[in-house]
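Got chain A; can you put chain B on it based on the hints?
Protein chains in written order, with the numbering used here: chain A, 1 to 154; chain B, 1 to 553.
Just so you know, these hints were derived from the structure itself, not from any lab. Using N, Cα and C, we set each Cβ at its ideal position, and we do this for glycine too. Don't take each hint at face value.
Unchecked claim - Capping the alpha-carbon separation at 20 Å, the derived lysine to any residue pairs in SDA-like fashion look like this:
| no. | chain 1 | residue 1 | chain 2 | residue 2 |
| --- | --- | --- | --- | --- |
| 1 | A | K93 | B | H538 |
| 2 | B | K104 | A | E81 |
| 3 | B | K104 | A | L85 |
Stated by the list, open to error - Across the chosen pairs, the derived CB separations fall in these ranges:
| no. | chain 1 | residue 1 | chain 2 | residue 2 | range |
| --- | --- | --- | --- | --- | --- |
| 4 | A | L71 | B | R424 | 26 to 36 Å |
| 5 | B | R125 | A | P111 | 20 to 30 Å |
| 6 | A | G107 | B | R125 | 47 to 57 Å |
| 7 | A | V109 | B | Q422 | 39 to 49 Å |
| 8 | A | P111 | B | G312 | 37 to 47 Å |
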Amino acid sequence: MLAVVARTRIFPVLLPEPGARERGSRAGRRRARFTPLTRALVAALLVVVPAIAYVSQSTATTRTGYAILTLREEITSLQAENARLVVGVSALKSPERIERAARGRLGMVQPTPAQMAALTVPSPAVAVPAVSGPTVWQRVSALLLGREAAASER
Amino acid sequence: MGALAALLFRLTQLQVVRGGRLAGIAQRQQLATIVLEPHRGRLLDRRGRPLAINVEATSIYAVPSAIEDRARFSAQVAPILGLEEDDVLARLARGRYFAWLARKVPAGVVARIKALRLGDQIGFRSEDQRAYPNGVLAAHLLGFVGIDNQGLAGVELTYDSTLLGRAGEAIAAHDGMGRVLVETQRTAVDPVDGSDLLLTIDQVIQHITERELDAAMVRTHARTGMVAVMDVPTGEILALALRPVFDPNTGTRARPDLWMNRAVSEVYEPGSTFKVFLAAAALDSRLVDTEQKFFDPGFLKVGDRVIRNANGKKHGWVALGGILRYSSNVGAAQVAMRLGRSVFYRYTTAFGFGTPSRVDLPGEVAGLVRSPAEWVSPRLQTIAFGQGISVTPLQLLTAASALGNNGLLVRPHAVRGVRDRQGRTTSVTSGQTGRRAVSAESARAVLRMMTTAVEEGTGALARIEGYPVAGKTGTSQKPAPGGGYDSQRFVASFLGLVPADRPALAILVILDEPLGAYYGSAVAAPVFREVAAQTLWHLRVPPRTQLSEPPPR
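Bound-form chain B, shown alone:
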C-alpha cells in the first residue's frame, strides 16, 4: 500500500507538478526545424539540351559535442579529407553541435570516412551540386556557382534569383537515432524549386564557334580570342566563345582572370570595323552620298599629326564604298571632317556606343565615347577609323545587327525565356528596343558597301560559296603603356553579316596580338568564313546562288 502511494505521489509529481516543463524539454529535444532545400533551375540551350544540371553530392560534418578525443578524431579524418589536423581542430572549435568538415566530396572519400565507423561524431548530408556536362562549352556565358549553389558569374549570376527557388520549412520530431518521424512532420512553408532557363545559345553553333576559335588560336598564337554569333532580327546570342577558357565544373578553383567575360567587360579600340558606322552616319545624315569622292594620297596631315593608311597605300579618288572596300583611313578621316563632331557623335551614340547594351550578362561596361567637346583634331579623324574610341565586342556586334535589321537596334540577350518545373514557359525575353539608329535605306546601302568590301576588297577570305557576305576587316594597334600606340601589338578583327541580302547572322571575330600575320583580313576573316558557313548549314539557310559543282552521286 505504501509502495502504491509512493508511486502515485511520483506520478502526480511528474505528470501534474512538473508535467508542463518536462513536456517542453522533451519537445525541444525531439522537435527540430527542417529546411527543405529547393533544387536550382537548369540551364538549357535553345533546343532544350541541358547545359547545367544538378547532381547529388555528399557533404560531411562533425558533431563536436559527441567527440571525446578531438586530437584522435582530427588525426583520423584530416588525411582522408585532405585537411590539416589543426584545420579540423579549428573547425570543431567553431560550434558545439555542428561543424562542416568538407562540402560536396567525392563518393570515394565518403566511403573511406564511413569506414572509420565514427558513429554519432560525424554526419553526412546530401546536397545539390551543379554540373556542366559539356565542360568548357560556353563557360563564360553560363558562368558558375559557389559552394552554396549561389550564382557567381555569367547567366548563373544574372538570373540567380530565378534559378535559386525558395527554401521551404517543416517541423518534425526525431527518434533516438536522429531519423525524422514522418508522421510528426508538419510543413510550414512548401519549397519552390528554381525555374529552368532556356538560353539563346545553340549547343551545336557554340561547338562550331569554339572549335574554329581553338584552331585559330593554334594557327595565330594569339594572346586571347573571341567569336560571337548573334541572330540579327532578335538580338539573341547564338554563340559566345572566348579563349583562354575555364571549366565551370571547377568553379572558384579556376584562375579568376579567366572568369571575366571580355565580350562585355573589356573594351578595345575597334579599328577599321568602325568605318561601317561612319558610312551609315554619312549616308543617313545626307552629308555624304554614295557617289561623292574623296582624294586619298595615302596620308593626311591633321595639325601636327599625320594619318596614314595601312602599309602607306594610296587609293586616289574613292567614294564611300571604296573607303570601306580598301579600308582607307585617309578617306574615312575626310568623311568624319565632313560630318563634323556633333553629327558623328550623335550617330555614334545612336548605334549604342558609350552606353551599356543592357545584355543580361553581368559585368557589362559602357565603353568609352568622349563628349563631342573632346573630339578635337585629330581625335575626330582617328575615331573615323576606330582609334580614340573604346567599345565592347558585344556593342560592336549589336550595332552591326542594327545594320542588318533595317536600322533598328536590338537588345542583345542570352536568355530566351523562363520555364517552370512542369516545362511551361512563364516568361519570354524580347530583344526589340524600338530604337532606330539609321534609316532602312541607309542601312541597306551600307550593307551593299560591306558586301563589295568582301567580294572585291579586304575581306576576300571571308567569302562563302553560295551566300553573299557583308563584312569589314579591322586591324588596330594596341595602346602603348606609356601613351600612343604600340607598333608591334595588334588586334585583328572581322565583323560580318550573312546572308547579306537578308542577314540572319551577325558574327564578330577578334584575335588579340596574333603572331606573324596580324591583319584582320588574313587571320580573322577565315575564322568568320568557317563559323558562318557551318552555322548557315546547321540552320538550314538555303544558299542564294547555285553552288559551283553538283554533288557527287
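Extracted from the complex, chain A is given alone in its bound form:
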C-alpha cells in the first residue's frame, strides 16, 4: 500500500542579515551617511562659522571705531578752525580797526554836536496779544493734571 507522504520542500527565503533591519530604517540610513569625517566637518563648521561671524563683527566694530575717531578728530579740527575764524572776525570787528579804516580809508570824521539832531521818537505801541481764557476742557485737564495747570498759569 502506498501511503501518501507529504512532501516537504524547502523554499529559499532571503532573510535579512543581522542588523540589516536597522540599516534599512531612516535612522539607520542617516547614521550610514554621517561618517566620522562628515561629523568632524560639521563640528568644525559649527565652531568656525560663529567664530568667523564674531571676528567679522569685531573687525567691523573696530573699523567703525576708527571711523568715529577720525570724525572726532575732524570735529576737533573744525572747531579749532572755527575758533580761529572767530578770533579773526573779532579782530576785524574791533572798534579800533573800524575807526582806523573809517578815518584813514574813508576819510570819515567825528560828528560835532551841531551836526547831530535828537529826534523825539514816539515809543511803539505795545501789541498785546489777545489771550482767550481757558476752555472747559482745558480747565478739566488742568484739574486732572496739576503740571499742565501750572504751565498754563501766567
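Okay, now just chain B, sitting in the frame of chain A:
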C-alpha cells in the same frame, strides 16, 4: 599626536594657569584713563561780543623711554623749540614715559618738529589756548590766564572756578599705535565746560575811553593814567582803562608791574574831588545849609600849619556851592571844623571810604581812613580837601555814583551775569546794596552845586553841549618820600556825573604826574568831556537842551 598634546598643554598653561595674570597685564598695557578736558568759558562784553575766547594750540612732549640717544635727540629738537640742549636733557630726566618739551607752540614750530620724523620718541597734544582778539582792550579788567588756563589776574582770576568747568574722565583701550579704540571707551565722569561771563563793559565805550586816555597821555606826558566809566543806577563798570597797559595775549611774559589794576589795588589822595562828599555830609547832617557863608581870605592858620588855596587865591565870603565852584581849600577846612571829626568820619565811611567796595575784581584794597581819634588838627581840615585820606579810584567813583543815585550806594561790578554753553543766563549780578550814604535831597543839592562848578567854576572844560554836567576837579600834591608833600609832582583828576539832572554815567579821570599843565581843570576835565560826550551819543541819551546849530542838510 605628541605635538597636539604639547599644544594643548601650552594652551592650558596660558589660558588656565597664567590666564588671569596675563589678562591683567594686557589690560594694564592697553587700558588707560583719559582726562576729558573742559573748555574754559568765554568772556563777552555786555552785548555778547567776544573779548576772550579759546583757540587750539599744540603742545609737544617727549617719551624718554623711547629715546635711545638722548644727546642726539636734544641736539635735534632744542634749536627748533628755542631751548638749551641741557634744558631738554633735564626735562627728559624728569619722567620715564612723559616729559613736556614745549607748551602751546606756533604751528610752524610743530611742522618743523614733525619733519624730524622722531616717531614714538615725541608726541603732540592739542590744548586750549586763551586768545584776546582785541589785544590790549580792557586788559586790566579781563586779566589773563596761565599756561594751564588758570586765571591769574582780572575777571579771569575772580571767576576762575566759574570759567574753568570740570574735567571728565574716561577709560579706553589703545591700539599698538596708541590710538584710542573708541568701542572700548567708557566715560566715567562727563566733562562740564566752563560757563561764559557776560561782562558789564561795552566794547565801544571801552574803546572810546582808551582812545581818549591814550591821547591825553601823549598830550600831558603823564606817568600813568586811568579813566573809569560807571553806570550810575546799577554800579556796572562800563569801561575801565589804565595806562601803561599790557597785552593779555602775552600773559605772564608781560612786565609784572603792568598787571596791577590800579583802579582797585592802588590808593591815592583824592584832592579837591573829595570836597563833594564834605558838602554832602554838611548838608545831610544839617550842620551847614546852602546859604551859610564862610570867609575865605586865601589862607587859614591851623596850629602851626597854614592852609592855602591853590595859587593863593582869595574868595571872600563863599557858601557851600562857592566852595565847590572855586575849589576853596580854606572854605572846605572851615566846613570840616563845623562838622567835627565824628560827624565827618561817619559820612566818610557811609560813602564807602575805608572799606573795600566788594567789586568783583582781584586785589582790592580798603584805602586808608584813620580813626576819628587821629583826625586831630590839621588832619581834619586837610581831609576836607582830600589830603590825609587815601582812597582807591573805584571807591571814589562808587561814592560819586551814590550822589547820582539819590544817595543810595551801589556795589561796583564787572560781571553782569553767567551764561551756560547753551546761552541761557544762569545767574545775574545785582549792584544794589540797600545802603544809603545821604538823603536824596542832600544828594540832589550837591549835584546842583557840582553842576554850577562846571558851568561857572573850575570845571569849565568839562562842559558838553546839550547835556548838563555835574563835576569836580582835583589837583593833589603827591606825598614826598621823606614826608610832607612834593611841590613838583601832582595828580590831576576830574570826577563827573552826566546828565546832571538824571545821571546815567559817573566818570573819573586821573592823570598821574602830568608834565606842564597839571591842574585837573586843565588836563583831566577835557578827557572827561570827550569820553562823556561820545558815550552819551553811543548810548543814545538824548540831549537835554537844543544844540546850538541845526544839522547841515
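Now for the hints, and whether the structure bears them out:
For the given pair, A:K93 sits about 17 Å from B:H538 by alpha-carbon distance, which is consistent with the 20 Å threshold. Under the criterion of a C-alpha separation no larger than 20 Å, the hint pairing B:K104 with A:E81 is consistent with the structure, at around 16 Å. For the proposed pair B:K104 and A:L85, the alpha carbon gap of about 18 Å is at most 20 Å, so the pair holds. Range check, A:L71 to B:R424: Cβ separation about 28 Å, and the 26 to 36 Å hint holds.
Between B:R125 and A:P111 the C-beta distance comes to about 52 Å, which lies outside the given range of 20 to 30 Å. Taking the beta carbon of each, A:G107 and B:R125 are about 49 Å apart, inside 47 to 57 Å as hinted. In this structure the hint that A:V109 and B:Q422 lie 39 to 49 Å apart at CB holds, the actual value being about 43 Å. Between A:P111 and B:G312 the beta carbon distance is about 42 Å. The supplied range of 37 to 47 Å therefore holds.
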